[in-house]
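S.K.: These protein sequence lines map, in sequence, to chains S and H.
The end of the first sequence is residue 348 by our numbering, with every number in the run present.
The end of the second sequence is residue 660 by our numbering, with every number in the run present.
No lab work stands behind these hints, which were simulated from the structure alone.
Quick reminder that beta carbons are idealized off the backbone N, C-alpha and C, glycines included.
Careful, some of the hints might be misleading.
From the derived model, a few chain H residues whose C-beta atoms are all more than 12 angstroms from chain S [said to hold, decoys possible]: (1) Ala444; (2) Gly449; (3) Ser453; (4) Pro467; (5) Leu473; (6) Arg483; (7) Leu579; (8) Ala638.
Here are the simulated EDC-like pairs of lysine to aspartate or glutamate, each with C-alpha atoms no more than 20 angstroms apart in a straight line [said to hold, decoys possible]: (9) H:Lys435 to H:Glu570; (10) H:Lys458 to H:Glu570; (11) H:Lys458 to S:Asp343; (12) H:Lys458 to H:Glu526; (13) H:Lys435 to S:Asp44; (14) H:Lys529 to H:Asp356.
Some chain S residues well away from chain H (every beta-carbon gap over 12 angstroms; in silico) [claimed, not checked]: (15) Thr60; (16) Gly95; (17) Leu133; (18) Ile147; (19) Leu151; (20) Ala160; (21) Ile212.
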Amino acid sequence: MTEAIVLKRKRGPAAILQALVPYLLAVIAAFAAVGVLLALLGFDVLRAYSTILFTSFRTTNGFIQTLIKWTPLVLQALAFTIPLAAGKFNIGGEGQLIVGGIGAAAVGILLAGLPLPILLPSVLLAGTLFGALWVLGPAWLLYRFGINEILTTVLMNFVAFELIDFTATKIWPDPAAGHPTTVPIGEGGYLPLLLSHPPLHSGLLIAVLVAILVYFYTDHTSAGYELVATGANPRASSVYGVNVRRMFLLSLLLGGAIAGLSGAIEVAGVHHRLIEGMQSNFLLLGIIIGLIAKGNNLAVPFVALFIAILEVGASALQRTMMIPGEMVFIVEALILIFVLLSDVVRRR
Amino acid sequence: MTTSSFIDFAALVMLAVVPYILASQGTMLAGRTGLFIVSQEGIMLVGASVGFLGAYLFDSLLVGVLLAMLVGGLMGLVLAYFTTTLKLDQFVVGLAVFFLGLGLSSLLFKVVIGVTLQPPIVPTLDAIPIPLLSRIPVLGPILFRQNILVYLSVLLSVALYLLLYKTGMGLALRSVGENPKAADSLGINVTRNRYVTAVIAGMLMALAGAYLPMVYTGTYTEGIVRGRGWLSIALTFFGGWTPHLILLGSFFFAGVEVLALRVQVTSIGIPHQFLRMLPYLATILVMIFAFRGVRPPAFLGQNYDRESRTSS
Chain S
1 MTEAIVLKRK RGPAAILQAL VPYLLAVIAA FAAVGVLLAL LGFDVLRAYS TILFTSFRTT
61 NGFIQTLIKW TPLVLQALAF TIPLAAGKFN IGGEGQLIVG GIGAAAVGIL LAGLPLPILL
121 PSVLLAGTLF GALWVLGPAW LLYRFGINEI LTTVLMNFVA FELIDFTATK IWPDPAAGHP
181 TTVPIGEGGY LPLLLSHPPL HSGLLIAVLV AILVYFYTDH TSAGYELVAT GANPRASSVY
241 GVNVRRMFLL SLLLGGAIAG LSGAIEVAGV HHRLIEGMQS NFLLLGIIIG LIAKGNNLAV
301 PFVALFIAIL EVGASALQRT MMIPGEMVFI VEALILIFVL LSDVVRRR
Chain H
349 MTTSSFIDFA ALVMLAVVPY ILASQGTMLA GRTGLFIVSQ EGIMLVGASV GFLGAYLFDS
409 LLVGVLLAML VGGLMGLVLA YFTTTLKLDQ FVVGLAVFFL GLGLSSLLFK VVIGVTLQPP
469 IVPTLDAIPI PLLSRIPVLG PILFRQNILV YLSVLLSVAL YLLLYKTGMG LALRSVGENP
529 KAADSLGINV TRNRYVTAVI AGMLMALAGA YLPMVYTGTY TEGIVRGRGW LSIALTFFGG
589 WTPHLILLGS FFFAGVEVLA LRVQVTSIGI PHQFLRMLPY LATILVMIFA FRGVRPPAFL
649 GQNYDRESRT SS
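So here's chain S without its partners, still in its complex pose (with noise of 0.2 angstroms):
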């Protein structure tokens, strides 16, 4: 079933229009879609959409939004389709993000003193390091009993939230903050600003480069190769000597390292603390965005830019329209569902 789902590409510029048809067509028809509920509901349409789309280009803050909420989301997207190349589904990107933040903040708060060229350093790899470790327990009974990830991961969730729950109000609570919230990481932990006005902290370089390194280990390295072979028949590349269950295991911890990755960069480059909810709804729209990149590692940056987009205009019409943000949420899901029907019709 999952060969459906890596697809093979075709190289040139008119192979590449022809594939964006069917995704032009989703979005049209997922905004047509939405545009009929907004219309029935009395609300503006053309203004809305307009919202949605141009927030992020009319003013530089929308820009800098854009890309600040483009770095959680490509990374929690490479999360799933790490695990997805090879067959599996990552579905604890989210528990696996609060886990490396609670490791970042832990690194960050304890050795608050170290200076930046140290404790920068030690804080991303703490994140890195604690969310492998927290996707470690599903991936091993995976590799060793056969259990469903799906649900193994999924359930890591609910005892994270838990435990950023416990370290914010017990381990190191700010009393000042309103919401759990744990105090400050020492400054030598947060991330360089690229921008100071406003701010745009350098987290969308390691984005950018870890994007970068997973297009290249899964489509032009034989070890990545064995990965993908493994996703598309696992049958046949165990004839040929890869050792399946090894490749579920590692393409788990790989994912839940970028996931960990992803918390460790909310800590470090936007709040320089650990806050409960930070993890927002990046698990959902990163696995919708490697669905409708098709786990394709390539267009995964390009779909969670589009993504990002609405998502910063969804923000936008919640303050200006009142319109829920759960609308363009539902929009993401729709879009997804009609590139999904579109490899049907192709299909035919």
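Start from chain S and add chain H according to the hints.
M.R.: Just chain H now, with coordinates in the frame of chain S:
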């Protein structure tokens, strides 16, 4: 533990068992025709939202329940259409429907009620004491002084057992999930079986969701389902994809939930966060055992294409 606190605990478990039974029996039923649903959490959320809104707007819990089941049935229909007719990957479609449910549930509530600090409340389901039986000491208040859906969900499990194992229709249904090609060759309508079970499954899951505001909170909140949809998938495996063992297993799941979420008041020095982790951690542990002895329907998670030569 004193008798009265035991009765309280057991009665709470009986109350908590309902969403697990309903959602898992739905999962099991669809799985028996080969459709592996992973949208439980989303369908339950929609059920909770629509059920609450229906009950509130029409001032009737029954209307709420029926509306929730209607929408749940529609979501089941969507699942069946995308997987059985269009033959798209079941997990991907299941996740997409989950997302849709997640968005729709909150959206509906916000559109109808708006953002308020004090959401409206619907009355909770009344307990219906069964004459005579409810007077039995200890067992009476636990088993026979419950709301209607507690009774119905137990009866449903019995009915499903009889249907699957004692009728020809049940045999046909099970054969679809084991070997659709063989079933097809015997004239059993694979597609219709899958559609029917998917729609019933969606209705049961939505009912499971609608139960939550009508018993616990009186209103819809975004966190109302709290992973029960996902847990019910685990419960289905735990119950070996059989209605009677799912019924038994649901008492375990509900028991852990009550321990973790409702006994916090009498906490014994353990931070409540760790108690609240219990249902999820216990489920993961349980799955290690559940996955070993269990053989799920052989065709689970796959789509049947009668023109394909390879699918057997």
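S.K.: All hints, please: hold or fail.
M.R.: Tested hints:
1. The Cβ of Ala444 (chain H) does not lie farther than 12 angstroms from every Cβ of chain S; its closest approach is about 5 angstroms, which violates its non-interface assignment.
2. Non-interface status of Gly449 (chain H) relative to chain S is broken: a Cβ of that chain comes within 12 angstroms, the nearest being about 9 angstroms off.
3. At roughly 8 angstroms, the least C-beta separation between Ser453 (chain H) and chain S is not larger than 12 angstroms, which violates its mark as non-interface.
4. Every Cβ of chain S is farther than 12 angstroms from the Cβ of Pro467 (chain H); the closest lies at roughly 15 angstroms, confirming the non-interface assignment.
5. Residue placement check: Leu473 (chain H) keeps its beta carbon more than 12 angstroms from all beta carbons of chain S (closest about 26 angstroms).
6. Look at Arg483 (chain H): its CB is around 40 angstroms from the nearest CB on chain S, clear of 12 angstroms, so calling it non-interface holds up.
7. Its closest Cβ contact with chain S, about 7 angstroms, brings Leu579 (chain H) to no more than 12 angstroms, contrary to its assignment away from the interface.
8. Annotated as non-interface, Ala638 (chain H) brings its C-beta within 12 angstroms of a C-beta of chain S; the closest such distance is 9 angstroms.
9. For the proposed pair Lys435 (chain H) and Glu570 (chain H), the alpha carbon gap of about 32 angstroms is over 20 angstroms, so the pair is violated.
10. For the hint pairing Lys458 (chain H) with Glu570 (chain H), the CA-to-CA distance comes to about 11 angstroms; that is within 20 angstroms, so the pair holds.
11. For the proposed pair Lys458 (chain H) and Asp343 (chain S), the alpha carbon gap of about 34 angstroms is over 20 angstroms, so the pair is violated.
12. Distance restraint check for Lys458 (chain H) and Glu526 (chain H): the Cα-Cα separation of roughly 43 angstroms exceeds the 20 angstroms cut-off, and the hinted pair is therefore not satisfied.
13. Simply put, Lys435 (chain H) and Asp44 (chain S) have alpha-carbon atoms about 37 angstroms apart, too far for the 20 angstroms limit, and the pair is violated.
14. Straight-line distance between C-alpha atoms of Lys529 (chain H) and Asp356 (chain H) comes to about 51 angstroms, which puts the hinted pair past the 20 angstroms bound.
15. Even its closest Cβ contact with chain H, about 30 angstroms, leaves Thr60 (chain S) beyond 12 angstroms, as expected for a residue assigned away from the interface.
16. Some Cβ of chain H comes within 12 angstroms of the Cβ of Gly95 (chain S); the nearest lies about 10 angstroms off, and the non-interface call is violated.
17. The Cβ of Leu133 (chain S) sits about 15 angstroms from the closest Cβ of chain H, beyond the 12 angstroms cut-off, so the non-interface label holds.
18. For Ile147 (chain S), the requirement that its beta carbon stay farther than 12 angstroms from each beta carbon of chain H is not met, with the minimum near 5 angstroms.
19. Annotated as non-interface, Leu151 (chain S) brings its C-beta within 12 angstroms of a C-beta of chain H; the closest such distance is 5 angstroms.
20. Not every C-beta of chain H lies more than 12 angstroms from that of Ala160 (chain S), the closest at about 9 angstroms, which undercuts listing it as non-interface.
21. Once the 12 angstroms rule is applied to beta carbons, Ile212 (chain S) is consistent with being away from chain H; the minimum gap is 26 angstroms.
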